[in-house]
Each structure stands twice: as structure tokens, then as C-alpha cells.
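The chain contents come next:
2 protein chains.
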Amino acid sequence: MIAEILCVGTELLLGDIVNTNAAYAARELAAIGINVYFQSVVGDNPSRLKQALSLALSRSDLVVMTGGLGPTYDDLTKETVAEAFSLPMELHQPSLNAITAYFNRTGRVMTHNNEKQAWMPKGARVFQNNYGTAPGLAVEQNGKRVVLLPGPPREMEPMFHEEVIPYLKSLSDTVLLSHVIHIFGMGESMVEDKLKSYMLSHLNPTVAPYAKEGEVQLRVTASAKDVEEAEQRIRPVVGEICDLLGDVVYGIDVGSLQNALVQKLLEKNRKIATAESCTAGLVSKRITEIAGSSQVFECGIVSYSNRIKAQVLGVSEQTLEQYTEVSEQTAREMARGVRRLSGADIGVSVTGIAGPGGGTPEKPVGLVYVCASCDGFEEVLELHLSRGRRNERENIRYLASSNALALAIRALEVL
Amino acid sequence: MIAEILCVGTELLLGDIVNTNAAYAARELAAIGINVYFQSVVGDNPSRLKQALSLALSRSDLVVMTGGLGPTYDDLTKETVAEAFSLPMELHQPSLNAITAYFNRTGRVMTHNNEKQAWMPKGARVFQNNYGTAPGLAVEQNGKRVVLLPGPPREMEPMFHEEVIPYLKSLSDTVLLSHVIHIFGMGESMVEDKLKSYMLSHLNPTVAPYAKEGEVQLRVTASAKDVEEAEQRIRPVVGEICDLLGDVVYGIDVGSLQNALVQKLLEKNRKIATAESCTAGLVSKRITEIAGSSQVFECGIVSYSNRIKAQVLGVSEQTLEQYTEVSEQTAREMARGVRRLSGADIGVSVTGIAGPGGGTPEKPVGLVYVCASCDGFEEVLELHLSRGRRNERENIRYLASSNALALAIRALEVL
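If you read the protein sequences in the order shown, they are chains A and B. So for the first sequence, the numbering used here puts the first residue at 3; every next one is plus one. So for the second sequence, the numbering used here puts the first residue at 3; every next one is plus one.
Be careful, since some hints might not be right.
Pairs involving identical chains hold if they fit within one copy or between any two copies, as the list cannot separate such chains.
In silico DMTMM-like pairs for lysine to aspartate or glutamate, Cα to Cα no more than 25 Å straight-line [said to hold, decoys possible]:
no.: 1; residue 1: 52; residue 2: 63
no.: 2; residue 1: 52; residue 2: 231
no.: 3; residue 1: 198; residue 2: 76
no.: 4; residue 1: 273; residue 2: 323
no.: 5; residue 1: 52; residue 2: 81
no.: 6; residue 1: 198; residue 2: 18
no.: 7; residue 1: 171; residue 2: 269
no.: 8; residue 1: 273; residue 2: 381
no.: 9; residue 1: 227; residue 2: 323
no.: 10; residue 1: 214; residue 2: 396
no.: 11; residue 1: 273; residue 2: 396
no.: 12; residue 1: 214; residue 2: 76
no.: 13; residue 1: 146; residue 2: 415
no.: 14; residue 1: 214; residue 2: 46
no.: 15; residue 1: 198; residue 2: 291
no.: 16; residue 1: 214; residue 2: 291
no.: 17; residue 1: 214; residue 2: 159
no.: 18; residue 1: 171; residue 2: 13
no.: 19; residue 1: 146; residue 2: 245
no.: 20; residue 1: 196; residue 2: 76
no.: 21; residue 1: 365; residue 2: 384
no.: 22; residue 1: 196; residue 2: 233
no.: 23; residue 1: 365; residue 2: 190
no.: 24; residue 1: 52; residue 2: 175
Rather than coming from a laboratory, the hints here were simulated on the basis of the structure.
This is chain A alone, in the form it adopts within the complex:
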């Protein structure tokens, strides 16, 4: 099945918002084996919308549309699709009930034009919206399918995942199943090099790498007649790859470094505390993004000045004088200090030079020390994170925080 994605909205055309819907839909479709050949964006303009839809229907079997399902006169997606398929519009009573209930629940007044959102092309399959008023829908004619989804990502994404994916899967008699291997500490080209023969020789499951912000993810995807068979195909391959790559693999299907860390802390009933200089709260912010982190995160100290390093964290004046604040020794004393101060099981620290100012020939921008310290484990990493790119400061801080999280995961193995 060949698909394309057509997003409707003037705010996209103006660049006021980034089109995350297209990426989300594309990723979800790829994950179930549907090929996307084109993506397009068109404004809330009837004739150009019509033109774009008719082009999409002429070259694809499935058109996934987002946006233009709102209550106002310029929301035209549904009507344009009905016209293309020569379908009359009719009131869909369950949707009207759901919209009315939504307004009652959120304590807002329903206006007359909201009723428009409950009108559907005759014969449409309706997808419920649990996070807003506009239902989604699918229509089909002569083997051509159009799926229509609301524009706001917080409505579109759950609807896509919970309702559209099962609908599309039901059209096929094979299942596609993926597991993701999360890697930190090895670059994409090195991973590819180590797994080249795997990626070329394996067609089922396939092995596809994806690099992002200093990490590499390997998606292992099998197609089979049912989930059990797909699992049986995937499991040995995931096992072999993990053996081959060793301890740069920090988890399977764990989502992110911070999630892997928090889950491990919860499992082992351990607490963590952070002492940050150049990342200035980014490590603690990432850890506490995870719901439930309050059970495992004790405290964080952002010690920009040497006074705080000494006074709150207990870094010795001598260390600061002899080695400066950007040094292995200071990182070590910061991690120990925050652990002592907080009573946490693991102390993690980051100190370095994020730039753009502050670098010297001996200690250039991008030099960062990261330490994790707990009973039975203490390690400092010296990192050189400058890549000469734009947003250097942001990149250095992000990579430094990722290294701190990854080192804490390794420390936990010992505890």
C-alpha cells in the first residue's frame, strides 16, 4: 500500500508551527510497513486543497490528512473529501453526543458551529477524539482510502496510535513488530560498520539504525502472521546484536536515557542526586521529566560559582585553586559532595565549558568532566564535546547531560 500525507493549515504554510504531525504519521506508518512517497502541506484554501487532494488520490492508495476539522467556516477538509468521493454529508449522532459530553465535562459552552464537527461523509468510519472535539474519520472508495485527523498533535497523536493504526492493520493479514535497541557511547558509523552484514543480510527481521542527539537507536522489525511469530523472529537477533555491541547498549524499548535511569533506580530502590555546573539543571530536569522520579531523585545543586561549589558541595578550596573548577578532581568532589549533602545512593556531577566564552588553550570550549560516585563505583569521564557547529552551547550541554545519565546507569549496575 502506497501512502501519502497531506497536512492542512495556514499556520504550517507560514512556518508558525513545525509540522510534527507529518513526522509522527510517517513514523507510525513506516512501523507497520506502509510506504510514504510524498508529504504535502496546503493552506485553508478550498481550491488549492481540492487540487492537492485530487493529486494525492491519483498517485497513492492511502491519503492521511491532518487539520481542517475544526468548527469554523474555513475548516473544509471533510467537505472536500466528501465532494471528491461524491458522498453526501450526514449527522453522526454518536459524535454529536460525544462533543456535547466533552463540553459539559470541560465546563465550556457549546456553540452552534460545533455541531458541524459531528457531520460526516455518508459511510465514514469514525474515530473518537478523547482530547478534543473533532472526531477523525476514514472513507474508502474503489480501493482508495482517506484518513482525516484533527490538527493539534495532542489530539492527532493518540487518535492515530489508538485508532488509526489498528484500522490500518486490520486491512492487512500480516503483523509488523519492532523492538528498539538503545545505544549510547558509539557513533552511528561505527554501529553500522559493526552490524553491516546484519543490516544487509537480514530481511526479516530488518535492522535499521537511527542517530539522534548523540545516541543511536536500532529498530529491529519483523513481519509475521501473528505477534508470537514476530517475537520469535526478533528475539535472537536482538540478543546477538546486544552481545556484539556490549555495554554501549543501555536498554531495549526504554525510550530515553533518563527513562532507563529512573526505571533502574525504581527497580533497585536507590536514590540519586546531581551537582551541575555547565549543564546548570539540565541533568536534573531530564531525570525529573519522568513521572515517578520524585521517588528516586533527592536533590540537585547548580553550582555556577566556586563559592557554592565550596560552601554547599564542600569542594576544597585547594582543589579549586590547584586544578580549577573544570577538572577531574572538582568533578569527583562535586559528585561526592552532593551525595554526602543529600544522603542519596549515587551522586552525579558535571563541570565544563559550554562556551561560547570562557575557553582557553588548555581548557577549550567543549571540555567537560562528568562523574558518578556510589559505594563500589566512582568514575570520571573527560569529554571533548566541541563539534564546531551552530548552537554549540546547547549541543555541548545536551551531550554532557547525556553522558552524565549514561554514566549513572553504569554505576547502578554495581549497586
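Here the structure of chain A is known, so what remains is to put chain B in place on it, guided by the hints.
Below, chain B without anything else, positioned relative to chain A:
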């Protein structure tokens, strides 16, 4: 001039990356008055790329393309455009020199296929790439123009801003100039309501609102024969709007709350320190995003546990017991405590319930107290930030941090 944006790359079609290039180019084009009617994405596939380009040229005067300028055989954008315009390819010696110099500078080895990046359609205008190897270019024929840019945003964005915008401006004899009014603490619909007559009656300058993550920005744009005249048109309108909206305006062209805060701190030579509970480092992380913040940011304490609130920040046991950690009193003592601890001029604190767990009927998820304290100013805000949306935890934390930054800006007015 009618434009469209055509982005080339299989990683976009697969949803592996979000198409920020399209949004960036659209925003830059809109800012100089060029209308974008379509955006499309196509993979690294010769026949579909050709098809997409010929469609774009049939309906637009200007096609902005990104991606497919790399050194490998599947990078085909330039060749496809040359074919569409029936132009031969020729070696562009200055580009070859620049590419060679780039490899020498970054200490990497230049391979033979990098030379491909220096071949251009005959007569092309070449844009230099200061952040990578692929030059950009523009070709023109019979009033149709195609601009080709490299795919990586860190290369594409500076090239667009520094070279493509001046090129496109040179095609027109009017200039467009914008100033942005930054607003925090008033919703988009309220802003629109107050300025409705402005937005409708003013055609030059135009006034356009844009809401994002709890903030509203108003873009005031004038078209004129030169910059001076445009400034003269804009200035009185910006002044009137600021008077009308009052102190919810936190700056003109300041970029963000954190930038406005850091610039004000630098101006006044004052220092700030943060004490965070539910935001857990997000406030300090945002402040220290700004280059130069190390001169004004003293320290941050992330006090998740009550023990740290008492021990490090000096919040009294009695306050914690009587009012709990999520209370006006605790927020106040946290702000005072971190100020005392650090010696900073302003202490800012955040304490609240970000969820999903931890809420009670009296203190529900979304209840947040924010305090700023300095000589002559101390204020606590009680915020109710739950909106019943997905990513509730992230939203609550972000809005809480924005409120803390905005309150610190207000405190600075007094200092």
C-alpha cells in the same frame, strides 16, 4: 511572488526527522512578504523528485528546495534542476577551493566524490556554505526561480538567512521590516480582543499575533521603500500597543523570557539564584541557555525532598509541617533561602505539583507557587496550570518556569 517549498530526503518521508527546514524557510519567506502556497516532501528517488519539481514549477514562481546536495550518488537535486532547465553542469572552481579548504580546516580527508558538490548548473548563482561542504545555489529561467539549499538545518539556516534572503530582497524594490512585541500573562484571545481594531484597521504596518507555549508574540510588519521609512511606520504602532497592553509586555525583539531576564540582569549588574522543586532545574537550565549568563547566575538548588528544603535552603520545619511543601509560605522561604545562601540579589523559587501523581483535592495537580524575592520586592503567585492535556507534566513544568522568569523580570524593575 508565489513560492513553494520542496524538501528532499528519505529520512523526512520516514518521519525519522521532523521537517524544521520547511517551517524555517516558510517563516523567513513570510517575513519578507513572499507567500508560500504549498510545501512538499519527496524521497531520494529520481522519478518522484522530477515529478514533484515539475509540478512545483508549473504552479509557483519560486521553488525553495532543501536536501539532496550531498556527495553521494543518491543526492540528485542539482542534477534534476539542471535537467528541468536544460542547463549543462560545469565545475565551479571557487566552490571546489572552498570545499578543499573546509576539509583542510576540519582535518578530514576529502574523497573524490566530494568534488561532485562543486559542479553547478551553468549560470547558477552560488551561495557559500560556512558550516559544511555543500554550497547552495539559485538558478533562474523565464521568470521561474529555484533555490537549492543543503539539508542539515545547521547549514541550511545560516545560508538562508545570510545569503538567500538578501538575494530575494534584491529582486524587489520594497523592504519589509518587523518588530516583535513579547507578551506574557495574557492569553491570545484576550490580546486579540484588545487589539482587534488594530489588527483589522492597520494594513501597513500589519499586526499579527502568534501564541506559543503560554506566550503571545505580536509581529508588527511594515513595508516601505527603505528601512528608515519602515521604522517610522512601525515605531508609533509598537508604542501604542505597549501602552494599551501595559506590563504584560516584557520586551521588544527580545527572543525569549530567559533572554530578556539575562539581558536585564547584565544591564543592572545584578545576580540571580533559583530554588526549584517541581520544575527541578528547568528554570536554571533556561537562564543558563543564554551565553553570558554565568556573569549573572549564581546558583540553583533543586530541592525535591523536604530535607533539602530545610537543610540547604533553610525552610523552617514548622512551615513545612503547617503549610506543606506546596504553599505560599514554602515558596517564600525557598526564594529567601537561596538568596541568603548564594548572596545573589534576587532569589526565585518554584514549588508545586506537576503530576501525574501527588495531587489531592485540596492541592491538585497543576497547583504551583512561584516567588521572586529581592530588596524592595517580594511576591508569590499561586498558579493553576492543569489544562487536562496530554504531556500535562511537561506543560505544567514549562509554564511554571515561564512564570518564574516573568516574575523575576518584574522584580528587576524595582532593583
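Against the structure, the hints come out as follows:
1. Proximity of residue 52 and residue 63 under a CA criterion of 25 Å is satisfied in both settings, with 17 Å inside one chain copy and 21 Å between copies.
2. For a Cα distance limit of 25 Å, the shortest separation of residue 52 from residue 231 qualifies neither inside one copy, at 43 Å, nor across copies, at 41 Å.
3. Within a single copy, residue 198 and residue 76 get their C-alpha atoms only as close as 51 Å, which misses the 25 Å cut-off; across copies the closest is 19 Å, which meets it.
4. In this homomeric assembly, residue 273 and residue 323 come within 25 Å of each other (Cα to Cα) only across copies, at 23 Å, whereas the closest approach inside a single copy is 31 Å.
5. Proximity of residue 52 to residue 81 under the C-alpha cut-off of 25 Å is restricted to the intra-copy arrangement: shortest distance 10 Å within a copy versus 31 Å between copies.
6. For the identical chains of this complex, residue 198 and residue 18 are inter-copy neighbours only, at 20 Å across copies versus 41 Å inside a copy, given an alpha-carbon limit of 25 Å.
7. Taking the closest pair of Cα atoms, residue 171 and residue 269 never come within 25 Å of each other, the shortest separation being 35 Å inside a single copy and 59 Å across copies.
8. Taking CA atoms no more than 25 Å apart as the test, residue 273 paired with residue 381 passes inside one copy only; the shortest distance there is 18 Å, against 33 Å between copies.
9. When the C-alpha separation of residue 227 and residue 323 is checked against a cutoff of 25 Å, the pair qualifies neither within a copy, at 66 Å, nor between copies, at 59 Å.
10. With identical chains, the CA atoms of residue 214 and residue 396 are at most 25 Å apart both within one copy (14 Å) and between copies (21 Å).
11. Proximity of residue 273 to residue 396 under the C-alpha cut-off of 25 Å is restricted to the inter-copy arrangement: shortest distance 22 Å between copies versus 28 Å within a copy.
12. Proximity of residue 214 to residue 76 under the C-alpha cut-off of 25 Å is restricted to the inter-copy arrangement: shortest distance 22 Å between copies versus 38 Å within a copy.
13. In this assembly of identical chains, residue 146 and residue 415 lie within 25 Å of each other by CA distance neither inside one copy nor across copies; the values are 53 Å within and 62 Å between.
14. In this homomeric assembly, residue 214 and residue 46 come within 25 Å of each other (Cα to Cα) only across copies, at 20 Å, whereas the closest approach inside a single copy is 33 Å.
15. Taking CA atoms no more than 25 Å apart as the test, residue 198 paired with residue 291 passes in neither setting, with 35 Å inside one copy and 39 Å between copies.
16. For the homomeric pair residue 214 and residue 291, the shortest alpha-carbon distances inside one copy (19 Å) and between copies (20 Å) are both at most 25 Å.
17. Proximity of residue 214 and residue 159 under a CA criterion of 25 Å is satisfied in both settings, with 21 Å inside one chain copy and 19 Å between copies.
18. Within a single copy, residue 171 and residue 13 get their C-alpha atoms only as close as 32 Å, which misses the 25 Å cut-off; across copies the closest is 23 Å, which meets it.
19. Within a single copy, residue 146 and residue 245 get their C-alpha atoms no closer than 45 Å, and across copies no closer than 56 Å, so neither meets the 25 Å cut-off.
20. For a Cα distance limit of 25 Å, the shortest separation of residue 196 from residue 76 across copies, 23 Å, qualifies, whereas the shortest one inside one copy, 53 Å, does not.
21. In the homo-oligomer, the alpha carbons of residue 365 and residue 384 lie at most 25 Å apart inside one protomer (11 Å), although the nearest pairing across protomers, at 44 Å, exceeds that limit.
22. In this homomeric assembly, residue 196 and residue 233 come within 25 Å of each other (Cα to Cα) only inside a single copy, at 24 Å, whereas the closest approach across copies is 59 Å.
23. Taking the shortest Cα distances, residue 365 and residue 190 never come within 25 Å of each other, neither inside one copy (28 Å) nor across copies (47 Å).
24. Neither within a single protomer nor between protomers do residue 52 and residue 175 lie at most 25 Å apart by alpha-carbon distance, with minima of 33 Å and 34 Å respectively.
Hints 2, 7, 9, 13, 15, 19, 23 and 24 from the list above are not met by this structure, while the remaining hints are.
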